[in-house]
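Asker: For chain V, the structure is supplied; the task is to place chain Y on it using the hints.
Here is how the chains run, residue by residue.
There are 2 protein chains.
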Amino acid sequence: MLKPSLVKELKVIVGPANLSTLPEELVVYSYDATQREALPWAVARPASSGEISEIILLANRERFPVVPRGAGTGMSGGSVPIRGGVVLSLERMNSILEIDEKDFIAVAEPGVITGDLQREVESRGLFYPPDPASHKFCTLGGNVAECAGGLRAVKYGVTKDYVLGLEVVLPTGEIINTCARTVKSVAGYDLTKLMVGSEGTLGVATKIIVKLLPLPEHVRTLAAFFNDVQCAAAAASDIMAQGILPRALELIDEAALRAVENYLKKDLSLGAGAMLLVEVDGSVETTAREADRVAEIMVHAGAVRIQRAESAAERDQLWNARRAISPALYTIKPKKLNEDIVVPRSKIADILREINGIAKKHELLIVNFGHAGDGNIHTNIMIDEADFPKAEAAAREIFAATLRLGGSITGEHGIGLSKAAYLPMEAGPGSIAAMRRIKQALDPNNILNPGKIFVNAV
Amino acid sequence: MLKPSLVKELKVIVGPANLSTLPEELVVYSYDATQREALPWAVARPASSGEISEIILLANRERFPVVPRGAGTGMSGGSVPIRGGVVLSLERMNSILEIDEKDFIAVAEPGVITGDLQREVESRGLFYPPDPASHKFCTLGGNVAECAGGLRAVKYGVTKDYVLGLEVVLPTGEIINTCARTVKSVAGYDLTKLMVGSEGTLGVATKIIVKLLPLPEHVRTLAAFFNDVQCAAAAASDIMAQGILPRALELIDEAALRAVENYLKKDLSLGAGAMLLVEVDGSVETTAREADRVAEIMVHAGAVRIQRAESAAERDQLWNARRAISPALYTIKPKKLNEDIVVPRSKIADILREINGIAKKHELLIVNFGHAGDGNIHTNIMIDEADFPKAEAAAREIFAATLRLGGSITGEHGIGLSKAAYLPMEAGPGSIAAMRRIKQALDPNNILNPGKIFVNAV
Chain V
0 MLKPSLVKEL KVIVGPANLS TLPEELVVYS YDATQREALP WAVARPASSG
50 EISEIILLAN RERFPVVPRG AGTGMSGGSV PIRGGVVLSL ERMNSILEID
100 EKDFIAVAEP GVITGDLQRE VESRGLFYPP DPASHKFCTL GGNVAECAGG
150 LRAVKYGVTK DYVLGLEVVL PTGEIINTCA RTVKSVAGYD LTKLMVGSEG
200 TLGVATKIIV KLLPLPEHVR TLAAFFNDVQ CAAAAASDIM AQGILPRALE
250 LIDEAALRAV ENYLKKDLSL GAGAMLLVEV DGSVETTARE ADRVAEIMVH
300 AGAVRIQRAE SAAERDQLWN ARRAISPALY TIKPKKLNED IVVPRSKIAD
350 ILREINGIAK KHELLIVNFG HAGDGNIHTN IMIDEADFPK AEAAAREIFA
400 ATLRLGGSIT GEHGIGLSKA AYLPMEAGPG SIAAMRRIKQ ALDPNNILNP
450 GKIFVNAV
Chain Y
0 MLKPSLVKEL KVIVGPANLS TLPEELVVYS YDATQREALP WAVARPASSG
50 EISEIILLAN RERFPVVPRG AGTGMSGGSV PIRGGVVLSL ERMNSILEID
100 EKDFIAVAEP GVITGDLQRE VESRGLFYPP DPASHKFCTL GGNVAECAGG
150 LRAVKYGVTK DYVLGLEVVL PTGEIINTCA RTVKSVAGYD LTKLMVGSEG
200 TLGVATKIIV KLLPLPEHVR TLAAFFNDVQ CAAAAASDIM AQGILPRALE
250 LIDEAALRAV ENYLKKDLSL GAGAMLLVEV DGSVETTARE ADRVAEIMVH
300 AGAVRIQRAE SAAERDQLWN ARRAISPALY TIKPKKLNED IVVPRSKIAD
350 ILREINGIAK KHELLIVNFG HAGDGNIHTN IMIDEADFPK AEAAAREIFA
400 ATLRLGGSIT GEHGIGLSKA AYLPMEAGPG SIAAMRRIKQ ALDPNNILNP
450 GKIFVNAV
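From first to last, the protein sequence lines are chains V and Y.
Quick note on numbering that gives the first Met the number 0: the first sequence kicks off at 0 and runs consecutively.
Quick note on numbering that gives the first Met the number 0: the second sequence kicks off at 0 and runs consecutively.
Bound-form chain V, shown alone (with noise of 0.2 Å):
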């Protein structure tokens, strides 16, 4: 709770009509996409870092946590208050302050939706390429935040790929400009990719400048069924060691398909075991013969149909089947633990079967899908409230499995607070160590996110 003093302090930083203490206000603010959690003490939706800044500083004076939050769609309850504290919306600070056809930058605030800068730079010719598969709704301070991955990872990278310079508020409070506009600089520390995927806990990003690349010239969108998930995670294999290098390369097992199925109502596989979704992108000569490539190195590798996408029409049925997996799951059953691990490529085939094994053991339904283009699969085991704590055994064996195989156990989601207890088992104790002296050494007070990443943290 917050003394009624410092409600009052709040107020006058971030204006009356921008600090909520209700409950009915604050239970808006107190979960992301984890289904998570926890009460704030207040939200406070400043405008600008001057404001954000006082906040801190106040934070640091009186003691108290401050969770910087986007929309809610993280995957790791990095955004869920779980320390209570106050709650920092981003939502006002939601403009895109420039787009540079010239030198390929754009500058946002962090509220910005993904989906809408890319649609404002795609319209200029222009092309962000990180993409999130909850791009309408996240936001690019949440991307920032999280290092969010997504479809186009596997040839373009993820979001610390194109950030060039953020501008920081940090945890003492200072504003801090941390990179020139330019694609290169080796000035100092790179406190950029510091903050990239800091979850919130180093410094709260109230200006981002990314790069960006020329708008591909042709997209081709192919679609192939396999009798088994084993044959699809072997093609995907191929495809990358044949050179060839797709804008997005889904794999999608059978219980995702059948769900998808269900959840569409739409039989798009007739009755396969498994399905790869392909892109290429570049020139219109380049993406025929590579998608032709691509069509004979999985006709090759077992594919039992090809289903070119011909039309707008068709990719985007093609990519509405891939998108809506995630509410198709949970047709299935009530709650799902969603784990983004990621393995080297070539380890695909084996880490399935791996977990097809765990699932068994556990009787327990497991349903993968993800980017096997960069490894990085989702694998969801799928359960009813009681069925937690196998599902927590279960997920404990996949992530030993994964970094057995010279994984990691998450690829795009972040540590947060439900891998918090898991990151032993992959960063040793010397670098955790190192880690938490960095957080030590910009949070003194352990104002920023507390009790995230960290087991017990401080």
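Keep in mind that a hint or two might mislead.
Repeated chains share a single entry, so a pair holds when one copy, or any two copies, can fit it.
DSS-like cross-link-like pairs, simulated, lysine-lysine; straight-line CA separation at most 27 Å [said to hold, decoys possible]:
id, residue 1, residue 2
1, Lys154, Lys101
2, Lys154, Lys210
3, Lys2, Lys265
4, Lys101, Lys264
5, Lys2, Lys389
Worth flagging that the hints you see were computed from the coordinates, not collected in a lab.
Answerer: Structure of chain Y alone, referenced to chain V:
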């Protein structure tokens, strides 16, 4: 000076043959490409991360500086042991440990020559894009320490974009692994990217995991000659603005052209006032089309002659001219200040105009060449010993102009010694304070490479 007992302890760690204290041996490790010099007290040539950890633990106990060193090709004094101490030469740790053709990953020790790694992966149809001009001599470890850029950064990015993970010995002696072998991972703070470009002040990389790409199928190279450098700069900007992303886009001004022609005793330019060297890669068809389009754009921007490399020999000839600039410049004057400023691409013509004015004002010859594609210009103030003070004044004015145009004072060389005095022109006090807090948190005794990056670094 090291106490004899410490020399003895160091000899036990690395073996007597791998510890030098004789002045004639030390002098070899005293300088880098900036021609700055300082003698270390000893040079240790460890063979493993374990030995490095032991040396660093000893340094913390006895409080002597440890200065990591690759091949000494650095451009900012990063490896010069300005405060004495022990130079940690990584020359013996020079094995390519693994090239994984399925997962497009290489694992190498820090002493591997970058060009050797490039050649080795290319022989297997793979590609390691970072390409510093010194690739025949520089080491991967040095590239990691400085976040080396190079000729292909315009399309492919810099060293940081390829480093997936590191084994690092921290300044307190712990050996950590910063990442998985996957192209994605967001498990905790990004220690990998914090280490890359930290100039040997935050850790010693002892194993380097890099991402590889498929080797592009085809490359086409062309040169264009212009009457003046402003036209050439405008042409470079036009190429990018048309949505073409060449793998290299190098600008060479008149003074650099004349120096190279004298040095190579060849008339390349037939008296032209500037040259652009452009290289596109991709499929045979795409490169043919892009090369034609590039030629058109350059003619439209005022190119007086286009020369296409029709054979590997012709391509080598063009690149040899570009790579000969640095040595050629020493035929003009005995010394140079080589500043690697970077501006937004569209501002190249502006910065060249500013530099021209500054050169006239100080009556200095300033030679410009470099990576027009990413705005990274190597501006070389050519001097005799006596000119040093006015060259420093000119450099400061060039940095001020660069920052006014939205640029950075260093695109790829790093701060080191050479630019420490200028870092506060770019990074505000809040940013520098945050960097110093990180340094203090990870290296409380200021063991690793002290005196670099920060002025009066404690």
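Asker: Could you run down the list of hints and mark each one as holding or not?
Answerer: For each hint, the structure was consulted:
1. Lys154 - Lys101: Answer is both: 24 Å inside a copy and 16 Å across each meet the 27 Å cutoff.
2. Lys154 - Lys210: For Lys154 and Lys210, the Cα distance is within 27 Å both inside one copy (15 Å) and across copies (12 Å).
3. Lys2 - Lys265: neither (55 Å within a copy, 80 Å between copies)
4. Lys101 - Lys264: neither (46 Å within a copy, 38 Å between copies)
5. Lys2 - Lys389: neither (42 Å within a copy, 60 Å between copies)
In terms of the numbered hints stated before, the structure departs from hints 3, 4, 5, listed from lowest to highest.
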